[in-house]
Every structure is written in C-alpha cells, then in structure tokens.
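**Q** Take a look at the letters that make up each chain.
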Amino acid sequence: MTKHVNWVLFRSFVIAGTFTFAGGLAMLPLLQKEIVDKHKLMNKDEFLEDAIMAQTLPGIIALNSACFVGKKSNGISGMIAAALGSILPAFVFMLLATILYAYIPQEGPLQTAFVGIRASAVAFIFAAAISIGQHALNHKVNWLIMILSFLVIVVFNFQAPYVILFAGIFGIIYYSYIKKEGGKV
Amino acid sequence: MLIQILLAFLKVGFLGFGGGYAMLSMVLDESLKLGLTVHQFADLNALDMLIPGPIAINAATYVGYLADGFAGATVATAAVCVPSFVLVPLFIKFKRTFANNPKVNQFLDMVKPAAVGLVASAGFTLFLGVVFGVDTFQDLLAKVHPPDVFALVVVIVCSYLHIKKNVNPILLTVVSGIIGFGLYYIM
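Order-wise, the sequence lines are chains Z and G.
Just so you know, we're using the numbering used here here: the first sequence kicks off at 1 and counts up by one.
Just so you know, we're using the numbering used here here: the second sequence kicks off at 1001 and counts up by one.
Think of the hints as simulated: they come from the structure by calculation, not from any bench.
The structure presented is a predicted model; accordingly, all values stated were derived computationally and were not measured.
Among the hints, a few may not be true.
To be verified - Output of the computed footprint for chain Z on chain G, the stretches with three or more beta carbons under 8 Å from beta carbons of chain Z:
#	region
1	1062–1072
2	1081–1092
3	1096–1108
4	1131–1140
5	1172–1185
Beta carbons: idealized from backbone N, C-alpha and C, even for Gly.
Given only the sequences and the hints, what does the whole structure look like? Please build it.
**A** And the structure:
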C-alpha cells in the first residue's frame, strides 16, 4: 500500500510538472483532481490550505506543495516521492534545452533573432512585477517599500537577499512600534 | 566552482519569498557573480517560457549548466530545493507556534512589496542590458550609450500587447525572434 501511495504521488507530480508552463499555481487544479478526487490521499480543504502555506514559506512554491502533500499522505518517503516528481521534469527538460542553447552559434541572423527574443523577455518580467504588485501593494507603506527596494538595488547595487531581510525586519518594527495593529497576510 | 554554485542557490532558495519571479531577481545577481552575462540571463527567461516546470528549478538548471556543466546543473538544482525539504517538515511539526506568531506575518507583510521591487529591478537591469548594452545603471550614466532601436521597440510593443491586450507570451517571443531574424537580411 505504501509503495502504491508513493507511486501515485510521484506520478501525479510528474504529470503536473510536465504540463504546466505558467508556474506553480497553474498546476493546482490538475493536482487536486489526481490527489483529492481520484486517489483520495487527503481532503480538499486540507489540500487547499497546504497550497496557501506553500506560498508563505520561502523556496519553490510547487515544490513546497509537493512536500506538504507527500509528507501528510505518506511520511518522509511520500515527501521524497512527490518532491522528486515535481523536480524531475523541469530539470530534465531544462537541461536538454540548455545543452541545445549552448550549441547554437549566435551569429548572423540568429544574433538579431536573439535580440528580439531577449527584448520580449523584458516585457514579461515587467508584466510579472505588475501582476504580483496588484496583490502586494495595498497601502502607502507597501508602495514606499517597493520603490525603495527597487532604487537601492538599481542605484546603489544592493543585493536582493539583504533587501528581503531588511524589508521583513522593517515589517516587524513597523507593526510593533509604529502601527500597532498586527500584520495581516 | 561547485561550492560557489551550491552556496549561491542555497541563498536563493532560503530567501526566495514571493514565488519564481522574485527568486529570479536573486538568480540574476548570483549568475553575474558566477560569470554569466546579462544576455545569457535574458535568454533564460525565453527558455523558461518554452520549458515546463517551476521557474526556480529551470533557472538553477540553466545557470548551473552554463557555469559548470552537468555537475553544476545538478548541484544548483539540488541546492535550490533544500529549503523545501527542511522547512516543510519543520512547519508541519510546529504549525501552531508558527502560524500564530504575529512577527511572522509582520515580516511577510513587508517582504511582499519588496519582492515586487526586486522583480521590477530585475526587469530594469535586463532592459538596460538588452537596449543599451550595459550591465548597471552606473554604466549607463558614465557615458552616452545609443539605444538598440529594434530592442526598444520590441520591449514597448510586447509590454503593451501582453499587459494591456493579454497576448500569449510564447507567441510574442516567437514573433519577436522571427522579426529579428528577418531584420538581419533587411539591414
């Protein structure tokens, strides 16, 4: 039975990881169908609660989900089965793509083709910032933190990890001493 | 080199709040330190769209491979995954203490807007590299760099079509590439 559960976990996460292109959240419905509806490894509420927690912890959201679901369904072995399932497709496909990419000679028309491709990537990163911002920027202090983070990185070459730590520590100070009504998530 | 890759991606994983794109801005930092160029980083974003899977795993595999081959790719991917293996079991065990601690929520509440700033700064750095051919904002101010007009037009048109008109990013990437390819023969 435990063997079977691990196989179900591994397979579900391989399928979800292979067919989702738009990041972790896009694979939730597919996973829910496999894990909750079909194989009944956990109930729907628990599954969704874990999905939210997976976003709160640092690290890869999809992998956090896999660890939650795997650990709760079948202990440490389940966690490893689910995690491997969620890592493998991305690793294998990306490795092949990178090897191919490293072989492409960037000369002549391919060089200008790459200029176009890179420029389009810039647009999608800006779009990502806007879409994350729609959820995260709900009052003035948040805007200030966002703008400061941007400026210290761009103008003063601050490293991103320090910005994250400073912002978090500021959050604790701000809600503890300046605006005493507790943080909300 | 492998140790450097290991440490870089452990850092990205443990401080990777706010999802793939926020982590990507840290990956940009680290990949420049590992000897990659801004252009290689921009290509990562294009490949990432064509390849399924979480952004951070794709990024670790790509950066690791370009920095130190197959071993580099494996080490980087394993490192970026470590936080989940450590933190999720801990979280399940200490759930009550963790979820009820206001400090945790206060910390995360300000990390979110900072993550937006991070993503925007990664976009801006990429913009400088692709359009002006410079690595940092200081380089841009140091002397006059004529912009690459084609790249600038692609950035503006793709931003408009994707953000305002919701056009599929893969389609826009492919079309931008084809136009760039054709431009070589026109110019």
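**Q** Hints first: check each against the structure and report whether it holds.
**A** The hints, checked one at a time:
1. 1062–1072: This one holds; 4 residues, not fewer than the three required, reach chain Z with a Cβ under 8 Å.
2. 1081–1092: Since three or more residues must qualify, the claim that chain Z covers the region 1081–1092 of chain G holds, with 9 doing so at under 8 Å.
3. 1096–1108: That given contact holds, which follows from 6 residues of the region 1096–1108 of chain G lying within Cβ reach (below 8 Å) of chain Z.
4. 1131–1140: holds (count 4)
5. 1172–1185: holds (count 12)
Comparing the model with each earlier hint shows no violations; every hint is respected.
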